[in-house]
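Peer 1: Sequence:
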Amino acid sequence: MDNKSNNRVFGYTFASIYPLYIQKAERKNRTKEEVDQIISWLTGYNQEGLQQQIKKGNDLKTFFAQAPAINPNSSLIKGVVCGVRVEEIEDPLMQKIRYLDILVDKLAKGKAMEKILPQ
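The opening position of the sequence shown corresponds to residue 1 in my numbering, with each subsequent residue numbered one higher.
Just to be clear, a hint being listed does not mean it is correct.
Derived EDC-like pairs: lysine to aspartate or glutamate, alpha-carbon spacing no greater than 20 Å straight-line [claimed, not checked]:
id	residue 1	residue 2
1	106	34
2	28	105
3	32	48
4	111	33
5	111	101
Worth flagging that the hints you see were computed from the coordinates, not collected in a lab. On a predicted model such as this, the values are computed, not experimentally measured, just so you know.
Using the sequences plus the hints, can you model the full thing?
Peer 2: This is the structure in structure tokens:
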């Protein structure tokens with residue numbers, strides 16, 4: 001992705017993306033709570049912090065910049081999103097966004113939570 005595309009994605013509000021993650025999970029009989037667990041694992045947000053990000057309408061850049069603690073095991077996440085290997089994404093912010101995409105994709109594919117979150 002070029003910088004112009006990256007900047008467009010970085011400007012999306014977390015509040016606009018979050019319901020899409022939930023819808024994707026629920027279509028496959030997974031729950032909002034499981035999506036929240038994934039987000040919490042990756043970012044360190046608790047439920048209150050997550051709701052504050054939504055209420056404030058923060059963009060993805062701010063959402064990840066204010067994350068309490070990016071999980072150190074996030075670098076173990078492997079996979080392909082939009083034809084690009086997440087391990088090869090050079091921009092750190094885009095990589096975190098794609099990590100979240102991959103984790104939600106794995107949830108929607110029916111994988112067990114222990115297999116979704118790298119230990």
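Peer 1: Of the hints stated earlier, which fail here?
Peer 2: No numbers; nothing is violated.
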